[in-house]
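S.K.: For reference, the chains in residue letters:
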Amino acid sequence: METDVLVIGAGPAGSMAAKHAALNGAKVLLIDRKSEIGSPKRCAEGVSKDGLKRLEVTLDPRWIATEINKVRLVAPNGTDVLLDEDKVKLSEVGYVLERKVFDKHMAMDAARAGAQIMVKTLATGMKKEKDGIIVHVEHMGNPMEIKAKIVIGADGPESRVGRWAGLKTNLKPGNMESCAQFEMVGVTLEQPNCLELIFGSVAPGGYAWIFPKGDDIANVGLGVLSTETDKTAYQHLLDFVATYPGTQKAQPVELNVGGDPVAGLHKELVTDNVLITGDAAGMVNPLDGGGIISGMTGGRIAGEVAAKAISEGDFSKNNLKDYQKRCQKEIGDSFKKYLKAKDYLLSLSDDELNSIADAFNESDFDRISPTDLLKVLIKVSPKAMLKLGKLF
Amino acid sequence: MIVKEWCMYCGECAGVCPRNCIQVRELTLEFDEEKCNNCNICVKSCPVNALEEEVG
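So the protein lines, in turn, are chains A and B.
Residues 1 to 392 in my numbering are what the first sequence spells out, letter by letter.
Residues 1 to 56 in my numbering are what the second sequence spells out, letter by letter.
Hints listed in this document are in silico derivations from the structure and should not be mistaken for laboratory results.
Quick caveat: nothing in here was measured; it's all calculated off a predicted structure.
A virtual CB, placed ideally from N, CA and C, is assigned to each residue, including glycine.
Only true hints are included.
Rough simulated footprint, nothing fancy, chain B against chain A, three-plus residues with beta-carbon under 8 Å: (1) 26-35; (2) 119-131; (3) 157-165; (4) 173-181.
With a straight-line Cα cutoff of 30 Å, these simulated DSS-like cross-link-like pairs (lysine-lysine) come out: (5) B:K4 to A:K172; (6) B:K4 to A:K120; (7) A:K100 to B:K44; (8) A:K329 to A:K387; (9) A:K70 to A:K213; (10) A:K34 to A:K127; (11) A:K337 to A:K321; (12) A:K41 to B:K44.
The whole structure should be built from the sequences, with the hints applied where relevant.
M.R.: Encoded structure:
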């Protein structure tokens, strides 16, 4: 088989890449190793409204589980801080998706734009040729070769495509958040349409979350760093669900696990004939671990740059470099301050987190600006100035 | 490497493997045992403790 652009991985980033490469005139093949695109989910399913709008994705009630307009931050001793849109501009305000439906719909958009799709098709290796790349795949047990002028690796946190191409994409365990999540029924939510984020030793190196999905249904999960704990993410999840007030009557209907790359954008996203995007390229906000919108943003740029290179007949690293530049500007630059904020957050003890929550509730802001937030943090913990002062 | 029955094929092990030895399929996990140098990073990072190093 031959194609202009081969996209490996049909998550939201890969489907976006396939869609925009096809819309810009390239012949596109999108492959996914699984038999069902979008399943199982490896994600808490939250996206921002602004993000979807910027990506020009038409909203569809079939993949929106619920709307979010508040965030409740919970300190280790249970003290909570409620943020709503009146108080603070919340990047998390948005939707909780039904990823199994959403991912399929994004792939359908790619197909409508002209991309060909193959499911149950696993890339097992690739080699560079003079005028393209030969990708070895297995489709339903049959080995096949696909010749592509450009390969877009959207193969998730496994990120094998980039490494086959010589890009340094593998992550140290200290940069891979290990996540476990139940989708649960019978969850008691303090507030409707409100995300809950729970900090402290409940999730060493990360945080726990409750993302509501309507009625008494919610994704209840957490991420930990394997370098910070001897227990697995799943064991931490069991402990959390057993002790958190909101999950005392909850029962699981699904278990999800997976790695979330939180090192920031990879330094190299491009080489001759190859681009990487989405989780595979580190397009995940290192502070909150969210990567749907940033991955799709990267996917769109990858598709556009790949199609332009096809029309110009030049698939060299030099001609694809525009992708690196645009991703750095549109995605990577904003990650730098989140990385610092993450380091700060991870340095706080349970006691410090409790005091910050108290100080927050004592201060009386009508609207919270980042500067106000910093003042509160410095009052409680002087090291905040050192670690965060330059961010705002 | 012994892959336990409860492996969920999430691929976190493949992402942290320094030698790119692990191929995640839909319902199997394949190790390139020749490339693997038993660093055990995958064993430690597995969110459900589904990997065990083969002894001997």
